[in-house]
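Visitor: Each chain, letter by letter, is given below.
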Amino acid sequence: GEDVEQSLFLSVREGDSSVINCTYTDSSSTYLYWYKQEPGAGLQLLTYIFSNMDMKQDQRLTVLLNKKDKHLSLRIADTQTGDSAIYFCAESFYGSSNTGKLIFGQGTTLQVKP
Amino acid sequence: EPEVTQTPSHQVTQMGQEVILRCVPISNHLYFYWYRQILGQKVEFLVSFYNNEISEKSEIFDDQFSVERPDGSNFTLKIRSTKLEDSAMYFCASKKQGAYEQYFGPGTRLTVT
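First to last, the sequence lines map onto chains A and B. For the first sequence, this note's numbering assigns the number 1 to the initial residue and increments by one for each residue that follows. For the second sequence, this note's numbering assigns the number 115 to the initial residue and increments by one for each residue that follows.
If you are wondering where the hints come from, they were derived from the structure by calculation, not from laboratory data. It cannot be assumed that every hint is accurate.
[What the hints assert, rightly or not] Using 25 Å as the maximum straight-line C-alpha spacing, the simulated DSS-like pairs for lysine-lysine come out as follows:
{"hint": "1", "chain 1": "A", "residue 1": "LYS70", "chain 2": "B", "residue 2": "LYS197"}
{"hint": "2", "chain 1": "B", "residue 1": "LYS171", "chain 2": "B", "residue 2": "LYS197"}
{"hint": "3", "chain 1": "A", "residue 1": "LYS36", "chain 2": "A", "residue 2": "LYS70"}
{"hint": "4", "chain 1": "B", "residue 1": "LYS171", "chain 2": "B", "residue 2": "LYS156"}
{"hint": "5", "chain 1": "B", "residue 1": "LYS197", "chain 2": "A", "residue 2": "LYS36"}
{"hint": "6", "chain 1": "A", "residue 1": "LYS67", "chain 2": "B", "residue 2": "LYS156"}
{"hint": "7", "chain 1": "B", "residue 1": "LYS192", "chain 2": "B", "residue 2": "LYS210"}
{"hint": "8", "chain 1": "B", "residue 1": "LYS171", "chain 2": "A", "residue 2": "LYS56"}
{"hint": "9", "chain 1": "B", "residue 1": "LYS197", "chain 2": "B", "residue 2": "LYS156"}
{"hint": "10", "chain 1": "A", "residue 1": "LYS70", "chain 2": "A", "residue 2": "LYS56"}
{"hint": "11", "chain 1": "A", "residue 1": "LYS36", "chain 2": "B", "residue 2": "LYS210"}
{"hint": "12", "chain 1": "B", "residue 1": "LYS171", "chain 2": "B", "residue 2": "LYS210"}
{"hint": "13", "chain 1": "A", "residue 1": "LYS68", "chain 2": "A", "residue 2": "LYS56"}
{"hint": "14", "chain 1": "A", "residue 1": "LYS36", "chain 2": "A", "residue 2": "LYS56"}
{"hint": "15", "chain 1": "A", "residue 1": "LYS36", "chain 2": "A", "residue 2": "LYS67"}
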């Protein structure tokens, strides 16, 4: 079945790197995503990676994908207090009967201490 | 930058009443989605919509739910007879043809009393 798991909480100091981890069960997923949710706001797409890639970098964000272990991580370099939010990992499926629905993890709350 | 909008931001209704949640997807997007997040739980897929019909729906999306694109801009989710367990944040999302990024609205918090 489809399942995505994340640790619930991560606390870091400002300026440190944050690494948020995610595991998923379905190897047929085609894209994997990271969304950010600030208090009272919607889900903001941060970045995504195609399942045949192993790394993607976008400014302070680095996504690593280990397809063999079905493990995805998001590294935020030089974490700032404005990065405090809930981070959701999600996977999607595209195929004859799938229209790209997203399967989400439960979200990791990132707390950045000054 | 274009964005998905949703109204109202908060809806309070009594059990058994009908509610309609409204969304305006990004204008050149063709795929539309509804998700919900019960407090403290995961964001769950409800339904996807393309070419004026439902393309996929989850087990949650039973006969009490329906979706409609009544005109060229709005996309609505109707819950016919609300239950207490329908209380949740409902998110609308949209996607362009040929793209893989879904963009979400800010959500509607539905409270059923």
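Visitor: Does each hint fit the structure? Answer for all of them.
Guide: Hint by hint, here is what the structure shows:
no. : hint                : result
1   : A:LYS70 / B:LYS197  : 37 Å, violated
2   : B:LYS171 / B:LYS197 : 19 Å, holds
3   : A:LYS36 / A:LYS70   : 21 Å, holds
4   : B:LYS171 / B:LYS156 : 17 Å, holds
5   : B:LYS197 / A:LYS36  : 29 Å, violated
6   : A:LYS67 / B:LYS156  : 23 Å, holds
7   : B:LYS192 / B:LYS210 : 24 Å, holds
8   : B:LYS171 / A:LYS56  : 31 Å, violated
9   : B:LYS197 / B:LYS156 : 19 Å, holds
10  : A:LYS70 / A:LYS56   : 16 Å, holds
11  : A:LYS36 / B:LYS210  : 20 Å, holds
12  : B:LYS171 / B:LYS210 : 19 Å, holds
13  : A:LYS68 / A:LYS56   : 17 Å, holds
14  : A:LYS36 / A:LYS56   : 17 Å, holds
15  : A:LYS36 / A:LYS67   : 23 Å, holds
Of the hints listed earlier, those the structure fails to meet are numbers 1, 5, 8, in rising order.
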